[in-house]
Structures are given as C-alpha cells and as structure tokens.
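There are 2 protein chains.
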Amino acid sequence: MPTPQRIAVVGLGYVGLPLAVVLAHHFAVVGYDRDAGRVAELRDGGDRTGEVDSATLRATTMEITADAKAMAGADVFIVTVPTPVDANNEPDLTAVRGASRTIGGFIAKGAVVVFESTVYPGVTEDICGPEIAAASGLRCGEDFFLGYSPERINPGDREHTVDRITKVIAGQTPVVTEMLKELYGAVTSGGVFVARDIKTAEAAKVIENAQRDINIAFINEVTCIFHKIGISAHDVLDASMTKWNFLNFRPGLVGGHCIGVDPFYLAHRAKELGHEPEIILAGRRINDAMGGFVADEIARRLPSGRVLVLGITLRRTCPTCATPR
Amino acid sequence: MPTPQRIAVVGLGYVGLPLAVVLAHHFAVVGYDRDAGRVAELRDGGDRTGEVDSATLRATTMEITADAKAMAGADVFIVTVPTPVDANNEPDLTAVRGASRTIGGFIAKGAVVVFESTVYPGVTEDICGPEIAAASGLRCGEDFFLGYSPERINPGDREHTVDRITKVIAGQTPVVTEMLKELYGAVTSGGVFVARDIKTAEAAKVIENAQRDINIAFINEVTCIFHKIGISAHDVLDASMTKWNFLNFRPGLVGGHCIGVDPFYLAHRAKELGHEPEIILAGRRINDAMGGFVADEIARRLPSGRVLVLGITLRRTCPTCATPR
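Residue numbers (the working numbering), protein chains in the order written: chain A, 1 to 325; chain B, 1001 to 1325.
Wrong hints could be hidden among the right ones.
For lysine-lysine, the following DSSO-like pairs were computed, each having C-alpha atoms within a straight-line distance of at most 27 Å [unchecked claim]: (1) B/Lys1109 <-> B/Lys1069; (2) B/Lys1271 <-> A/Lys228; (3) A/Lys109 <-> A/Lys69; (4) B/Lys1181 <-> B/Lys1109; (5) A/Lys271 <-> B/Lys1228; (6) A/Lys181 <-> A/Lys109.
Keep in mind that the hints were calculated from the coordinates and are not lab data.
Chain A extracted, bound-state conformation (with noise of 0.2 Å):
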C-alpha cells in the first residue's frame, strides 16, 4: 500500500482538530467538519476547544471545509466524531454511522478508512464497515478497507499530545497495518504500538476510560462509608497515600465526553453477549450519585440561601466540557 496523498480527517472536534494539523505537517490533508459554523470559526484562526492555538491554526496547510465532496479522491479517512450516550445511557452511534454513510459516498477503490472515537470492540467492523459498504457499493476488505487507532487526547493537557504519545494502531490487513504505521509514526515522537486486531485495539481504549471510573467510584464509595462513620475521607486518604503501592484517587464528580461515557460502551456489549458487567456498572452508578451526595449534604448544612457553584467545567481549560451531563 503506497504512502498516503491526500488524507480526509472527519469531525474537527478536539480530537480531530489537533490531529489534522499534525498530519497537515506531512501529508496532504482535508479537514472536514458538517459544522459549517465550526468550520467557519477555524478558518479565522479560533479554536474554541482550546487544542490548537491561533498562530498554528493560522498557518497549518489543510484544507478546512464544511462541503463533504472536498473529501473525494482521499485515500485515507480518519473518523473522530462523538460517540455519546442516549437518555438511557445506551451507545448512541449516530454520528460514526453518518460518517461512514458520508465516506461511502466520496471513497474509491484501495481506500482506508480509520476510526478513533471510542466504541466498543466490533463496531468498526459490525457495524461501520458494513454502513461504507451499503453507501459506497464497494466490498468491505475488497475494495475499501477499515482500521482503528484509538484517540488519546486528554482536554486540555499540554504534555500528552497527539505529537506526543503512544499511538495505538490495528489494520484489517497487514498491508493496511504497515500504512497505519507509517502514517501515525510520521506525527509522533511516541511511537507506535500495533494491536493484535481492530476489536482488540478498540477493547483496550474502551477499557482505559472504565478503570479510571472504577477507581473513583472505589474512593466515592468509601467516602460515603466514611462520611457516616464520622471520618474523613481526607484524612484516610492521606494515611492510606503513605503505603508505596496506594493508588492516588480522591472523591469527587464524573463528568465530560469520556470516562463518565465510556463505561456504557463496554457494558452494552457485554449484556449483548449476556455477560452482566457488574463492577462497571456500579462505579456508573456510584460516580452518577455523587452530585446527589454533595448536593445534599450542602442542602443538610445550608438550609436556606443561594450557592454560587464555581468550576462548572470539566477543566479548567477546557470549554468543550463545558456542559455536565
């Protein structure tokens, strides 16, 4: 498989942006987003989602655009839309099925088609694949072929780049594999680690997210154990940080596009396959309280007067996670 010519990035989110960019460095590239108004915004330089300065914005070489027929004569497709959950806290994959729709009306014979939003293993290939198929009338590792590189893009941390980290790549073919590596190796200083397949590749992003969720909801549990055993869970924590294996949680609210999100991925599948995901489910349940928990014991020690609530986002520097779920 030669060397990509023209890669297309679909959805110019925090994820998609600042890889767009990265790969404008090296290859010819297309960014697209079906937001004409986030398009509009980038092509003056803003990024609201704070990821990419202004300057770099400025100068990058890629294509930005909201008209999708731009994208047609890409050989590589790199898909970073949302995957959210729905009311019900079941995976809402919307927005990577109108993707690979939208692909399968631009794609040529030869092409790859990566995904990096954050699903559960088998949905590249059960489900998108299968949706490129349909649109395009090309055969599914035939004609067109699929791959999965989870995004790694931590809101507003300024060391764990795009530029920066271990990129987790898996190919539908070995040949699909080795252009994966050359792509993604041309961006980052940190390597590349190959997969053993793609449902592999999206298990093991799947699963970073949920042991983080866990590992605070174990700290909100016993808080709220604490809490009424009259102690405090501060004070516990910093005797328990003094033994060299402790790992360092403190309790407080789950929010964002991710851990809070992810779990639900990996818990659809697994009662799919009529496993009951038991651990996962309960830090959902725990860590979902929290704001119950803390909204009542304010409303227990301030029973009258107005609270002004400061730090409503996920991060400081992140307005994208602006909005709690």
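Assemble the complex: chain A is given as a structure, and chain B must be docked to it using the hints.
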C-alpha cells in the same frame, strides 16, 4: 508518657514476629503466642513463614513464650493476631477479642494497647477497649489507653519490610500518640505518619487492600467480557499499558489473608450503617468467581484427563498462604 520499658507482642505470626524482632533491637520485648508449637519452633531458630531468617532469630534478645503470664509488667502491648472472615464472609473477631481479654488479665495502670490487626473502623475503640476493660476492671482512656498502627507486611516481600516502611499510627490521646511516634520511629527508617484518630488509621488500612481487590476485579470482569468477544485480555492490556496513566493489573485469582478478606470488613461496617457497598462487594463476587471461570475453561478445553496444579501458594516465598480460601 515515658519511653516504653517492656513491650509485649501478642501473636507471633508473619506480622508479629518480624515486628517483635526489630523492636527487640531497641526495647525489652516479650513475644507471646498461644500456640506452643509455634513458640517451640521459633525458640529453635525456625520460622516457617520465612519472614525472619534463622540467624536473626537465634540472635534476638526477645523472650519468646507461650505463657501469657510472662507479659505481666509490660507497659505497651502490641496485638498482631489474625482477623479472618467466617463461612458467611463476616468478620471473625474471635482472635482480637481473645487477645484483648488475655491482655486484660495482666495489664497494669498506665499501659497502652496497640492493635496492628486489620479491622473495620471502630473495632479498636468499640470492641477491643471494652473487652480489655471488662477483663481488667480498668477504665479505657483513663487507666489504660488504646492505639492503632496497621501492619503493612507484604508476605515474602524483602523490600517493604517493617523496618523500612512508613508506619501509620494513631493514639487515643496526644500523649499516647507521642509515645507511639517514639516507639515506631525507633524501628523504621520509613518514618511515622500520624493519622487523625484511631478510626481514621483503621480505615486507611482496610481500603488499601480493598483498592487492590477492586482493581483486580475490574480486570477480571473485562477479561470475562473479552473472552465472550473472542479477544485476549492479555493482548488488550498490552495495548492499554501504552497509555501513560493506565494501571498495571492483570487477570487472576485473589487469595491469601488480606486482599480477599479485608473488603468484607469494610463492607460489614458499611452495611451496619445502612450503606450498601456496591463496588466493594461486586469486586469480591467477581474475584471469588474467577476460580470457577478458569476451571470451567480448562474443563471445556480438556474434557478428560487429570490436571496437575503447580504454584498453589499465594506467592513463591509465602508458605503461610499455602491454604487457599
């Protein structure tokens, strides 16, 4: 409170023995175990737990005895007896209650009783203190005093030994705390951490092992899910480990005296207080079920034949943990 003149260590197992040996470098120590066989073995220079080597044991100045009366006149008692669970996974406090009553038979006014056994918050003050008071006729907090300092023995670990780790301590009064700082400060180069109070110190210990338990349980849960998906947990974890903050836990069985037991102590107290410990008990259920999962897989793949199980101990250097729960 003066420097301790005579310290009695109650229980010479894998926790009490190494502690008593290092204390004897600085203080007059009597080591008591109610098991005459264990005492004979130790007097003969043998420690089947492998924590103290023969030369060290033969050189110790401490008195090793199965005669409780030898503890008379001690100004500090340190209790290092087992705190297991019963057949219903409820805390079995028989040994700490028994040790408390034994101490109550000899304790003199002004003495301090320190517990190192892992317990839920409240056991030292609400159960052990009253037992000692009842057996001695002395008043807790006036005639005698309580302390707590959780043991952190990691069986077979030659790096994190009692003379090198940070010891968490808490005394019933500031004067007791100062004495414990001096006592434990003399034996460890890892320093002493003063917890806010005895319940906080009890809580700090019990969550250390519970945290490990739920982390292993999470990995075990996803291992079972990946098994149904048809991918290898080891392949997935190899990929996840390339993320900078992924925690290195592996699927496996949980046994031994600590990780599989301590969470039930915390869960017991939580339930007494009306708080259902969701994630803690989910972790216990998952880890206790892993033996069956492994056995079922072996049976499925090897429908006939005999299986030789090697390495049935908790770990290579830990004969005391040879009996799986």
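Status of each hint after checking the structure:
1. A hinted pair counts as satisfied when its Cα atoms are at most 27 Å apart, and B/Lys1109 with B/Lys1069 qualifies at roughly 16 Å.
2. Taking the CA atoms of B/Lys1271 and A/Lys228, the gap is about 11 Å. The hint holds against a cut of 27 Å.
3. Restraint check: the Cα-Cα separation between A/Lys109 and A/Lys69 comes to about 16 Å, which is no more than 27 Å; the hinted pair holds.
4. Between B/Lys1181 and B/Lys1109 the alpha-carbon distance is near 21 Å, which keeps this suggested pair within the 27 Å criterion.
5. For a cut-off of 27 Å, the pair hint linking A/Lys271 to B/Lys1228 stands: about 11 Å separates their Cα positions.
6. A hinted pair counts as satisfied when its Cα atoms are at most 27 Å apart, and A/Lys181 with A/Lys109 qualifies at roughly 21 Å.
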